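Residues per chain are reported as follows:
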Amino acid sequence: MTKKFGICSKILVVFLFSSLLFGCKSGSTKAPKETVTVSVPKDNTAVVEDIKQAEKIFNALPSPLESAMLIKSAGARFDEVLLNPVGNVNSYVTNKSMALNLGIYTCDLSFASLYEQTQLIIDYMNAAKKMADGLGILKAIEQSQIDKLEENINNSEVIMEIVSETFMNSNSYLSDNGQPAIAAMVLVGGWFEGLYISTQLVDMKEFNGNKLVGRIIDQKLSIDILINLLESSKGNPAVDDLIVQVRKLKVVFDKIKITTSKIRPEFDKTSNTTVLKSEIKTDMTPEVFKELSITVSDIRKTFVNN
Amino acid sequence: MRIFRLIPILALLIITTTSTVDAQCKAFAKKICIPELGAYTHDGNYHAAILVEGEEAELYKTFYSDMEYRVSVCGEDKLPAIEFRVLDANKNVLYSNKDANFAKTWDFKLQSSQQLKLVVKVNSFNKPGETPASGCVAIMFGFKIKK
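Heads up: the protein sequence lines correspond to chains A and B, in order.
Just so you know, this note's numbering puts 28 at position 28 of the first sequence, and the rest follows in order with no gaps.
Just so you know, this note's numbering puts 3 at position 3 of the second sequence, and the rest follows in order with no gaps.
Check the hints yourself; a few may be wrong.
[Claimed, not checked] Computed from the model, here is a short list of chain A residues facing chain B with C-beta under 7 Å:
1) 63
2) 171
3) 276
Derived from the structure by calculation, the hints contain no laboratory data.
Small disclaimer: the values here were computed from a predicted structure and weren't measured.
The beta-carbon is built from N, C-alpha and C at its ideal position, and this holds for glycine as well.
Bound conformation, chain B alone:
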């Protein structure tokens, strides 16, 4: 019968653990990633998820010719380097932070509005047999009106 008493406790524990994880991811995005936007205004959107090393995430977004943008891609310290690439509709790579020493931010503006794709990849520590590292990865956008 003790088991009956244990179930609600375990359920509560699980709910608490999940909320803590989520709160941590949001707090990480807020404290670490948004400040990287500097003088750009954060658009208010939230794109963050727990990713495991080797895992990829994709983001689709329209960018406007009237704006200047900064994208900030951050991963928790326990993760290996985060790679991100920006591609056009024909899958041409327009930018890769691999060529910029895995920079966390990229500033850009467009001559005409375009839908672009951002591919974010958590690199691998390459340690076979070990549990892959996992942690929060956040993608944040800041903008300002083009001068």
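Bound-form chain A, shown alone:
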């Protein structure tokens, strides 16, 4: 009994200590101040130094909405065939496939939204909802938002707002609830879908000077961010598999050379905007593009054909 009580006491102490830590971390206004101020040494320099070392790093990939916007701004056409059919939703049952396809469907939804494909917008919002629900993301996409979407189906501004809001609901829930691996996989899915759609839309007859090719080359700038994002969840088997796949893609991206001049910030008073001026030189042969396109397509196949 004494031993049991001893173990219990230890558990209780751990719980109490954890509780105290959460209180400190949150700075919650609901918690009484006394609980967060105890046991802080007079000289807290060392504590502050430790905190400084616990630096937070965000590896930000373009969101599905931004990826879709980049495709549209490059003057690309809309092609429904390229999207992941909504009929596939029921085949995604693992957390990995649901996370990747939440990103993929959100990118398809964004793409459909920007090209005002009204029925597809509803269909892809429902597909994304199914993935978010499957992942247990509470209130990511609520029925009220789908209703609002239907009511404003011809108002692209409202639609983009809803897409942005629902995506943030998902990734904030995952980040805030200690699921960074799932959050990363959602972003990876969205990024791959954007890259897949872009590569498929390039007309090889108009390869040189193609704006969309330029945006595809730009994705090389994000490949290390993508790897760092995944490596922050290294050890998770699903993430480890993705790292292997992304490294294969990096090998192809490494064949593209990007050289940039020094960036010169210039402030434009009229628009109250800073212009970051620089010149960039890139080279990507049609052969490297084809290799890139095949690699992206092969990896994406493993995401959507589960």
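Here the structure of chain A is known, so what remains is to put chain B in place on it, guided by the hints.
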């Protein structure tokens, strides 16, 4: 034996407290930081964390030449001023909000696409012996197609 009954209650309390904290951070980002994006479309990404005074956070992101961007960096009122700097790949400082009275937003566009680094630092109240203040800090991006 009372202790056995206490454990689940405490566990529930901790879980509730954590969710409340997280919800507060998300709510803060949504209510305070996103409106700062104004006419720019929020990209939908969420970068927020509880930071303590003196602490730094870094963000890496590729920005595209086709877009105009607004970055919004906000900290809860209980925190000291939030400083942010934007650096290129060679660590040259391209912008510091310290030169703009700790402005919460910065509008920019690029002649060519670049990967940039954003360094966010919660300044210090410089009150030795006191518990460092902590609170939510959110970094949000808005974009629009370049005119």
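Okay, the hints, checked on the actual structure:
no., hint, in the structure
1, 63, "holds, 4 Å"
2, 171, "holds, 5 Å"
3, 276, "holds, 5 Å"
Comparing the model with each earlier hint shows no violations; every hint is respected.
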